[in-house]
Every structure is written in C-alpha cells, then in structure tokens.
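**Q** First to last, the protein sequences are chains R and U. Sequential numbering from 1 applies to the first sequence in UniProt numbering. Sequential numbering from 1 applies to the second sequence in UniProt numbering.
Treat the hints with caution; some may be incorrect.
Any copy, or any two copies together, can satisfy a pair, since identical chains are not distinguished.
In silico SDA-like pairs for lysine to any residue, Cα to Cα no more than 25 Å straight-line [to be verified]:
# : residue 1 : residue 2
1 : LYS325    : ASP83
2 : LYS370    : GLY224
3 : LYS325    : ALA273
4 : LYS325    : VAL145
5 : LYS325    : GLU302
6 : LYS370    : PRO252
7 : LYS325    : GLY84
8 : LYS325    : ASP85
Derived from the structure by calculation, the hints contain no laboratory data. Note that the coordinates shown come from a computational prediction; the quantities given were computed from them, not determined experimentally.
Chain residues, written in single-letter form:
2 protein chains.
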Amino acid sequence: MSEVHAARRDRLRDRCSVAGAAAVLVSRPANVRYLTGCAPAGSVLLIGPGPLDALVHRRSPSEEPAEGRQPEDVRAVVLPSPDGDPAVAAAELAAAELAATGPAGACLAVEEHHLTVARHRAIGSIAPGLRLSDLGGAVEQLRLVKDGQEIAALRIAAEIADQALGELLESILVGRTERHLALELERRLVDHGADGPAFPTHVGTGPHSGAARHVPTDRRVEEGDLLTVSLGACYRGYRCEVARTFVIGTSPADWQIELYDLVFAAQRAGREALAPGVACRDVDLATRRVLASTGHGDAAGEATGYGVGLEIGEDPRLSPAAMGKLDACVPVTVEPGVHLPDRGGVRIGDTLVVRPSADGGPELLTITTKELLAL
Amino acid sequence: MSEVHAARRDRLRDRCSVAGAAAVLVSRPANVRYLTGCAPAGSVLLIGPGPLDALVHRRSPSEEPAEGRQPEDVRAVVLPSPDGDPAVAAAELAAAELAATGPAGACLAVEEHHLTVARHRAIGSIAPGLRLSDLGGAVEQLRLVKDGQEIAALRIAAEIADQALGELLESILVGRTERHLALELERRLVDHGADGPAFPTHVGTGPHSGAARHVPTDRRVEEGDLLTVSLGACYRGYRCEVARTFVIGTSPADWQIELYDLVFAAQRAGREALAPGVACRDVDLATRRVLASTGHGDAAGEATGYGVGLEIGEDPRLSPAAMGKLDACVPVTVEPGVHLPDRGGVRIGDTLVVRPSADGGPELLTITTKELLAL
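Please construct the entire structure, taking both the sequences and the accompanying hints into account.
**A** Now the structure itself:
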C-alpha cells in the first residue's frame with residue numbers, strides 16, 4: 001500500500017512544481033489520509049522540499065490510535081509541545097530546508113479552503129521568507145477517480161450497510177423510536193466489520209419520513225407510517241450511503257404508493273444517466289425532471305447526489321449548478337426524495353460507481369431491494 | 001430563554017462597539033448556538049448593524065432539524081442558493097445595511113480562528129467597502145463562566161453519564177469487545193435522555209487501559225485486565241465527561257493497585273486545587289506533581305483537564321502552559337492518567353464546577369464511585 005501513497009504524493013508534487021511551488025503543506029484530514037494512508041488527529045503532511053516527505057504529529061506516533069500505518073518513506077516529526085500547531089511547525093521545517101537548498105523566495109502551497117485565517121497568519125509569521133500560495137482543491141481533484149483498492153473498500157462498506165439494513169427489516173419495528181433504530185443500525189454496522197457509521201444514521205417515521213438529513217427523535221414507529229432509513233458504513237476510511245423507505249403495516253395508502261413510484265422513477269432515471277462524459281448537472285436534471293413532472297421539482301433540494309470516498313459528500317456534486325463531467329471509476333450517490341410537510345415522504349438512495357456501458361454501465365454497490373416493502 | 005440569548009448578544013455587541021466594529025459575524029457553530037440557542041448546520045449569525053440580528057441559514061428553517069428554536073427577535077435569512085456560503089451572504093447583508101446607515105469604511109469583526117482563508121477572501125471581495133477585523137475569542141470568553149441554566153444542563157448530562165456507566169458495571173464484561181462496550185454505553189446514554197454522546201466513547205482494556213483518547217478496537221475484555229472507560233452525555237447541547245478504570249476479576253495485581261492509588265491521589269489533588277482565583281496551571285501542577293513523585297510526570301500528557309460546556313475541551317485548559325485563573329461557575333474536567341506501554345494503565349476523570357469554599361468548594365457533577373471496583 002505504501003507505494004500507492006508514494007505515487008499519489010508524486011502526482012501532487014509534479015502538479016505543484018509545474019505551478020511553481022517548492023513544497024506543499026496538506027492539512028485537510030481526508031487529504032492527509034489519501035496521501036499517506038493515515039490521518040492522526042491534527043497531523044499535517046509536508047511534501048518536499050526535502051528528499052523525504054514529513055508527517056507532523058501532535059504526539060508520538062506510538063500513542064496514536066492505530067488506524068492505518070504511516071508509510072515508511074515518510075518522516076514522522078513530533079511537535080515539541082502538543083499545544084503547538086503542526087501546520088506552523090511544518091512551515092518552519094519547510095522554510096529551514098528551503099533556506100538550505102532552495103532559491104530565495106520559494107513558494108509553499110497551502111490549503112486555503114481548509115486553513116483558518118489565524119493559522120495561515122501564524123504560518124506566514126513563522127516563515128517570513130516563504131511565499132504562501134494556494135493549493136486549492138488539487139488533492140480533492142486527485143481523489144475524484146478511485147483506484148481498484150478504493151473501490152474494493154467501498155464495495156465492502158456497501159455490503160456491510162446492506163447487511164445491517166437487512167437485519168433491521170427482519171425485526172419488529174412498530175413501537176420503537178427513531179433514535180433506537182438509528183443506534184441499532186450503527187451497532188450492526190460495527191458488528192459486520194465497519195470502522196463505524198459513515199455519517200450519523202437518519203431514521204424518520206411518519207411525518208418525518210422522506211426528509212433529508214432528519215435527526216432521529218423519540219417518535220415511535222406506528223402502523224401505517226412510511227419509514228425512511230439512510231445509513232452508511234465506513235470501511236478502511238471509505239464511506240458509502242444507502243437510503244430506503246418502507247411502509248409499516250400491510251396495505252400502503254394510495255398516496256404512499258404514488259409517491260414511492262415517483263421517487264423510485266426519479267432515482268432510476270438518475271442511475272441510468274450515470275456514464276463517463278455525462279455532465280454532472282445532466283444527471284441531476286434526469287432525476288429532477290421526473291419529480292418536476294408532478295410538481296415536486298423543488299423537493300429534490302440542493303443536490304440529488306454527490307461523490308463518496310474518504311468523505312461523504314465529496315466531489316462531484318450532482319446539482320443544477322454543478323460544473324464538470326463524470327469519469328469512469330467515480331463513485332457517487334443518487335438519492336432523491338420528496339417530503340410533504342406534516343405527512344412524510346419517500347427517499348431512495350444508492351451508491352454506484354460510474355462505468356462505461358462497455359463494462360455494463362454503472363455498478364450498483366448498495367443492493368438492498370428497492371421494491372416498496374410492507375413491514 | 002430568548003432573553004438569555006438576547007442578553008448574551010448585547011454583551012458581545014457592547015464589547016465590539018468599544019473595539020470599533022460596527023457589526024459582528026459569528027461563524028463557529030458552538031458560538032452561534034450560545035448566542036441564539038440553535039445552530040442549524042452551516043448557519044452564521046450577523047450581529048448588527050441593523051436593529052435586528054440575523055441568522056443566515058442554508059435552507060428554510062422549517063426544514064432544519066428541531067434542535068432549539070430560533071429566538072423570535074432574530075431575523076431568519078435563507079440563502080437564495082443552498083450552494084452559497086452563509087458567511088458571504090451575511091457579509092453582503094452587513095455591507096448593504098452599513099452603506100445605508102453607517103459611516104464609510106465601517107468594520108465587520110469576523111472569527112479568524114474559525115473562518116478559512118478562502119471564505120475570508122470571499123467575504124472581502126463581496127463587500128470591498130467593508131473593513132474586516134478579528135473578533136478573536138470574544139464569544140469563547142463570554143462562554144467561560146456558565147449561568148444557572150447551563151450548569152443545570154451539565155448536571156443532567158452528568159447524571160445521564162453516571163447512569164449509563166452504572167448499568168454497564170452490572171452486566172457481564174468478560175469476552176465483550178471494546179467496540180461493543182462503547183456502542184452499548186452510547187445506546188444507554190440515549191436511553192436516558194441524552195441528545196447523544198458528548199464525544200466518541202473510549203473503552204480500553206488490558207494493554208489499552210489508561211491510554212488517552214483510545215479508539216475502541218476488537219480486543220475482548222479478559223480476566224485480570226484493567227478496563228478504562230471514558231464517556232460523556234450531551235444534554236441540550238451541554239457536554240460532560242467521566243472516566244473510570246476498573247479491574248476485571250477478583251484480585252487486582254499489586255502493580256494495578258499501586259497505579260490506581262497513584263492516579264486517584266493525583267486526580268484528588270487536582271480536584272482539591274479547584275477554586276476561584278487559582279491559576280489554571282497550578283491546578284495542573286497539583287495533579288502532575290503527584291504523578292511526578294513516582295516518575296510518571298510525563299504520563300499526564302499535554303493537559304490534565306479542560307473546560308466543558310457547549311464543547312468538550314473548551315477554555316480553560318489545565319496545562320503547564322495555561323494562562324489565566326479560574327472563576328466561580330466554570331465547569332472543568334480533572335482527568336489524569338498513566339499508561340504503561342504494553343501493560344495498560346489507569347485514567348480517572350470527573351466534571352466539576354468551580355465554586356468558592358464558602359459555597360462548599362468544587363461541585364462534583366459525575367458521582368460514580370472512584371473506588372477500585374473489581375468486576
């Protein structure tokens with residue numbers, strides 16, 4: 001695995017040296033993890049200018065929780081005081097090495113979308129000879145297209161989420177609260193080998209069903225409710241998402257069936273639109289158009305899906321304002337929903353990997369049935 | 001409650017107008033919550049320059065999860081596009097209102113320790129006529145001393161954590177994994193009315209016992225282990241922490257008893273040092289000195305305690321480098337630990353409220369016994 005991370009760092013190094021940066025300071029945790037395989041709390045990665053990249057830790061690596069090992073070709077630098085800022089220490093290190101080897105006025109690229117103004121200023125004052133430039137979303141760009149190992153981790157994450165959800169469906173649901181169901185799902189995720197939930201599990205019943213990012217309450221599941229569950233597993237850092245809506249009791253009401261069929265059709269349209277070269281906004285439009293056909297176009301919210309990987313909701317976004325096109329091997333969610341105030345609604349979501357049609361089209365990772373189950 | 005938040009905003013307004021700021025943009029979530037009673041994801045608070053303060057939301061407040069209601073004397077402003085940045089929209093609003101009413105070149109104070117460089121730049125370019133200044137930790141300062149309602153919430157949070165821990169102690173522990181015990185504790189916190197865990201629950205057994213912030217693994221509890229549990233409840237946004245160490249089996253080894261007595265004595269020294277007017281570093285020193293007497297002075301790590309409230313680990317810090325003194329009604333943790341590599345260790349922590357001796361001295365909120373229990 002160590003070579004994988006070294007290759008990623010080399011790609012970033014090449015990109016930055018073209019842009020005139022002599023060294024790069026990566027501070028966003030998911031980016032540090034992508035480039036090293038580990039992300040100890042608060043640590044930052046310095047790429048160049050020395051021959052060995054450096055991971056600057058707050059405390060001794062032996063005391064860090066064991067989530068991924070630091071590659072052997074990366075120096076471990078421990079802050080003299082754990083009160084200090086690893087980013088400042090890394091900039092000081094870069095300045096010292098550049099003063100020894102590099103041209104005067106060399107440039108250190110930093111993640112301005114992650115560093116706070118206060119930290120950026122502290123970096124500037126510890127190393128006044130260093131020019132600071134903006135790395136922007138360069139690492140996020142590299143993270144877009146996933147390699148085989150990343151997709152394998154996502155497949156396992158999806159399998160775990162499907163298992164947890166499947167077990168829940170076999171249990172008695174009426175009378176249990178949203179909060180208990182959410183906690184039980186999270187326990188099952190861990191039972192099946194997840195590092196933990198990919199994000200806080202959403203469970204919404206009755207009037208809460210279908211709402212996006214509904215925070216579970218003490219409302220109990222009742223006969224006749226719609227029940228929406230949205231969960232995901234995190235496996236080796238990789239996060240998936242699956243959302244399903246069920247009906248409680250034997251005979252769904254007509255409005256429930258109609259709404260379900262609508263959201264199902266919208267979600268299918270989005271899934272079927274996924275292909276390399278397709279504009280992200282066109283996938284969103286495919287989903288949204290179906291909802292709009294019955295006047296629910298606004299219900300879809302800001303986006304109908306987004307990229308997943310080391311983060312939930314990473315690039316690309318599937319939204320009306322999204323720029324850019326899909327590539328092969330980009331995992332995304334397609335998860336439209338409609339929520340009717342005071343009545344509830346339906347949300348259906350999957351994690352899929354974009355594939356060319358020659359490879360069979362989009363690969364569905366979350367395979368729990370999307371039939372309207374009556375539980 | 002609404003008056004409480006209005007009074008807090010008035011205090012901040014006064015402080016800022018003295019410092020020359022015509023308006024204040026608060027973006028750090030715990031600070032927004034402190035000043036309004038709610039903190040919808042991504043929302044920011046604009047204080048002044050208009051007669052009504054404004055909470056800028058990403059989406060309609062009716063779609064927000066119901067955690068605290070927005071006060072009626074605060075305007076709800078919804079972003080036209082949920083893709084936008086509420087901080088930028090708030091700055092635009094401030095600029096428009098200042099252009100209409102205020103002097104030219106008026107100053108907007110922002111939280112430079114929270115805003116990223118990229119967001120700060122976006123604020124600067126949307127409102128070029130506005131000077132940006134640094135609010136610094138002004139809201140964090142206001143948050144230090146807690147009022148009666150805040151302390152009442154912390155008392156309930158502590159009671160919930162004690163209950164969850166007490167129930168765990170009555171169950172069979174041998175053979176269960178750290179991860180399962182942590183999940184079970186979190187479920188029990190919610191059972192007893194917590195919003196959720198105050199932080200990810202730490203459970204460490206055998207060689208993992210006593211380690212700070214140990215991330216639970218699949219290691220199972222064994223006969224003869226030390227078992228360290230650190231958990232907290234979040235109740236109405238307020239977070240407490242309690243840490244205890246137990247021995248599994250009937251007869252602890254001598255080294256386990258010695259280590260326990262040492263950490264217990266250190267923790268007691270820290271608790272007893274808590275009083276209004278005492279320097280934070282002296283509380284740390286009281287704890288650390290006991291550990292140092294047996295050569296474990298370094299084991300205490302960066303800090304032996306810190307403030308709690310809307311966040312775990314807020315100001316003040318109890319560490320060798322800490323500046324400042326304690327005040328009455330400041331809740332803090334005292335939680336030293338010693339971890340011996342490959343053997344394990346002991347950690348004992350409580351949440352207490354600093355009180356003058358005339359009021360009976362520090363108020364212990366987490367009352368689970370600190371005897372060495374053999375389970």
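**Q** All the hints need checking, so say for each whether the structure fits it.
**A** How the hints compare with the structure:
Proximity of LYS325 and ASP83 under a CA criterion of 25 Å is satisfied inter-copy only: 18 Å between copies versus 43 Å inside one chain copy. Only within a single protomer do LYS370 and GLY224 lie at most 25 Å apart by alpha-carbon distance; the minimum there is 19 Å, versus 49 Å between protomers. Proximity of LYS325 and ALA273 under a CA criterion of 25 Å is satisfied intra-copy only: 12 Å inside one chain copy versus 62 Å between copies. Taking identical chains as interchangeable, the C-alpha atoms of LYS325 and VAL145 lie at most 25 Å apart only when both belong to the same chain, with a minimum of 12 Å there against 52 Å between chains.
With identical chains, the CA atoms of LYS325 and GLU302 are at most 25 Å apart within one copy only, with a shortest distance of 18 Å there and 47 Å across copies. Proximity of LYS370 to PRO252 under the C-alpha cut-off of 25 Å is restricted to the intra-copy arrangement: shortest distance 15 Å within a copy versus 54 Å between copies. With identical chains, the CA atoms of LYS325 and GLY84 are at most 25 Å apart between copies only, with a shortest distance of 21 Å across copies and 41 Å within one. With identical chains, the CA atoms of LYS325 and ASP85 are at most 25 Å apart between copies only, with a shortest distance of 23 Å across copies and 38 Å within one.
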